[in-house]
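K.L.:
If you want the building blocks of each chain, they are given just below.
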Amino acid sequence: MREQDRDLERLSAYIDDALAPEERRALEARLAENAALRADLDALRETVQLLHDLPPVRAPRNFTLDPEVYGRRARGRDFTWWSVRLAGALSAAASVALVLGFVLLMSGGMQSMSAPAAAPAAAQPTLPPVTAAVDERGDAAPPATPTAPPAAMVGPTASPSAEWSAFGDDQSGQEPLNMGALPDADGGEMLYEPGELPPSGGGFGGAPGEAGRSEDSPEAFIPPPEITAGDIAAQSATGATHEMEMEEAAVSAVEADKVQTVTATATVMVQPNGALPSSSSPTPSPAATLAAREAAVEPTAALPSPMLAPAPTPTPAPGASAAPGAALLLAGLVMLVLAGVLWVVAWRRRG
Amino acid sequence: MDEAGLIEDAQRGDINAFNTLVLHYQDAVYNMAYRVMGEHHAASDAVQEAFISAYRGIERFRGGSFKSWLMRIVTNACYDELRRRKRRPTADIDVLDYTEPAPLVSRPENPEAHAEHAALSDAIQGCINALPDDQRMIAVLCDVQGCSYQEAADIAGVSLGTVKSRLSRARGRLRVCLGAVRELLPRRYRLDSESSEESTR
Chain E
1 MREQDRDLER
11 LSAYIDDALA
21 PEERRALEAR
31 LAENAALRAD
41 LDALRETVQL
51 LHDLPPVRAP
61 RNFTLDPEVY
71 GRRARGRDFT
81 WWSVRLAGAL
91 SAAASVALVL
101 GFVLLMSGGM
111 QSMSAPAAAP
121 AAAQPTLPPV
131 TAAVDERGDA
141 APPATPTAPP
151 AAMVGPTASP
161 SAEWSAFGDD
171 QSGQEPLNMG
181 ALPDADGGEM
191 LYEPGELPPS
201 GGGFGGAPGE
211 AGRSEDSPEA
221 FIPPPEITAG
231 DIAAQSATGA
241 THEMEMEEAA
251 VSAVEADKVQ
261 TVTATATVMV
271 QPNGALPSSS
281 SPTPSPAATL
291 AAREAAVEPT
301 AALPSPMLAP
311 APTPTPAPGA
321 SAAPGAALLL
331 AGLVMLVLAG
341 VLWVVAWRRR
351 G
Chain B
1 MDEAGLIEDA
11 QRGDINAFNT
21 LVLHYQDAVY
31 NMAYRVMGEH
41 HAASDAVQEA
51 FISAYRGIER
61 FRGGSFKSWL
71 MRIVTNACYD
81 ELRRRKRRPT
91 ADIDVLDYTE
101 PAPLVSRPEN
111 PEAHAEHAAL
121 SDAIQGCINA
131 LPDDQRMIAV
141 LCDVQGCSYQ
151 EAADIAGVSL
161 GTVKSRLSRA
171 RGRLRVCLGA
181 VRELLPRRYR
191 LDSESSEEST
201 R
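Heads up: the protein sequence lines correspond to chains E and B, in order.
The numbering used here puts the first sequence at residues 1 to 351.
The numbering used here puts the second sequence at residues 1 to 201.
Hints are computed from structural coordinates only; laboratory data are not their basis.
Keep in mind that the hints are not guaranteed to be accurate.
Said to hold, decoys possible - Far from chain B by the CB rule (all over 12 Å, computed), these chain E residues:
| hint | residue |
| --- | --- |
| 1 | L19 |
| 2 | E28 |
| 3 | L50 |
| 4 | V57 |
Unchecked claim - What the simulated footprint calls covered on chain E by chain B, stretch by stretch (three residues with Cβ under 8 Å from a Cβ of chain B suffice, anywhere in the stretch; the number is not a length):
| hint | stretch |
| --- | --- |
| 5 | 4 to 17 |
| 6 | 37 to 47 |
| 7 | 332 to 338 |
Being a predicted model, the structure only gives us computed values, none of them experimental.
Even glycine gets a Cβ: it sits at the ideal position worked out from N, Cα and C.
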């Protein structure tokens, strides 16, 4: 900055009394000696005075806003603003509900596989819940798969479960199982004792199918579904001894199945079974082996469920978690629809 | 006027309350816009836009000086209008040719004195118009509107130092410009050209 500009700035600030005390004293000392600087100051003062004295200009008209235009627009804007906000919140809530519901449904399905085991485990703190669930599931799960097909066939309730079975095989039976199985609680134990092979197989997936199957193929399958129910009820009451028995029985079943040497295709077979007619279901032995195989081979399938829903919490039985899951899914869908409507309304309003 | 109450009502969407505020401040806001824009059509456009913006954004007003808040909005509206006119200068040729007499506040004076004042005002406004936009804003805020440095800094969104330097440069330019039209100035305002020439040597 040139000295001249600095002087101009000092003089300008001096006029407005905006100089620091030292600067002010220094400038006044210079002004006392320097006539040219004084002339500059006077000229600047006159300039500022001219501007100050400019007559104020009145508004040539009123600038009030037309309530017909801006009042309505403002309200519309508010409405739009709120609907956009609400739609955003609804979308967020819907996505959470959908994900939660999906997870719950999934975990519910997986737990249904292990339902008999999980329930007791939860009931009895003595056993490490996770391991118990996994083991039992492994045992129990295999049998379920073979039974699954009938379930799908039986009724509409089974159909969703059949879909889920693609993931875990198990679920189809679960929800229905609890509902239907409970009454048969007594039968469960019966099966178990003899149960080496057949019991485990029937227990799981069969639940939904049971109703239909019990009539068709009473042989080995009828009891298994009952077992799960019985286990849940009975075990919680009786305690560890029961579990031990169950485990042993299950293990024996698995080993027996292994002996039969099921091929890797077993798992693949299982799912088709679920979808297909009950043709495969009648033959208990292959089915059982398949199930056993699955249980033994893919503990991973069993694992996720405990992971998703902490082992202790699953106490509310497999079906219990699926119900809120479905409710959440439904709520999520409703919220999505509402959000969509709000978006559309806001968009049209905006237009 | 219960300004705080009117502002609250306006924030709740009461446009009548807002219009009361408009009527109260429109002269000050228009004066600012006119001095910055230099002519009435542009000033009217800027003021109208400013009040619309103010109404739409009044929920964001969080206390302080409502007048300063309005001045900031009209300052921005003036910048927008200036930019718009620079992009399309030909669109306003008619407006520029049309020299509408400024609706000055009436003063009890004879016609001759009135004409002199009008000529003086035009001369000063012409010099203000010749300033760069940034300097013009600050000069109008401080020397026409009477804002303090701090108020001007808040309204223009710049630092105190920037206000000081812009203001001094604007005043320096105005001094030179007004010296060139000094014959129009009343005797008491007549700038001493000789002394200023000496000072520049």
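K.L.:
Determine for every hint whether it applies to the structure shown.
P.N.:
Structure-based check of all given hints:
1. At the 12 Å boundary, the C-beta of E/L19 falls inside the reach of chain B, the nearest C-beta of that chain being 10 Å off.
2. The Cβ of E/E28 lies farther than 12 Å from every Cβ of chain B, with a closest approach of about 17 Å, so its non-interface assignment holds.
3. Against the 12 Å criterion, E/L50 falls within the reach of chain B, whose nearest CB is about 6 Å from its own CB.
4. A beta-carbon of chain B comes within 12 Å of the beta-carbon of E/V57; the shortest separation is about 5 Å.
5. Under the rule that three or more residues need a Cβ within less than 8 Å of chain B, the assignment of the stretch 4 to 17 of chain E holds, with 8 such residues.
6. Counting residues of the stretch 37 to 47 of chain E whose C-beta lies closer than 8 Å to any C-beta of chain B gives 8; at least three are required, and the coverage claim holds.
7. Note: the stretch 332 to 338 of chain E has 0 residues with beta-carbon separation from chain B under 8 Å; the three-residue rule is not met and the coverage is violated.
Hint compliance for this structure: hints 1, 3, 4, 7 are not met, and every other hint is.
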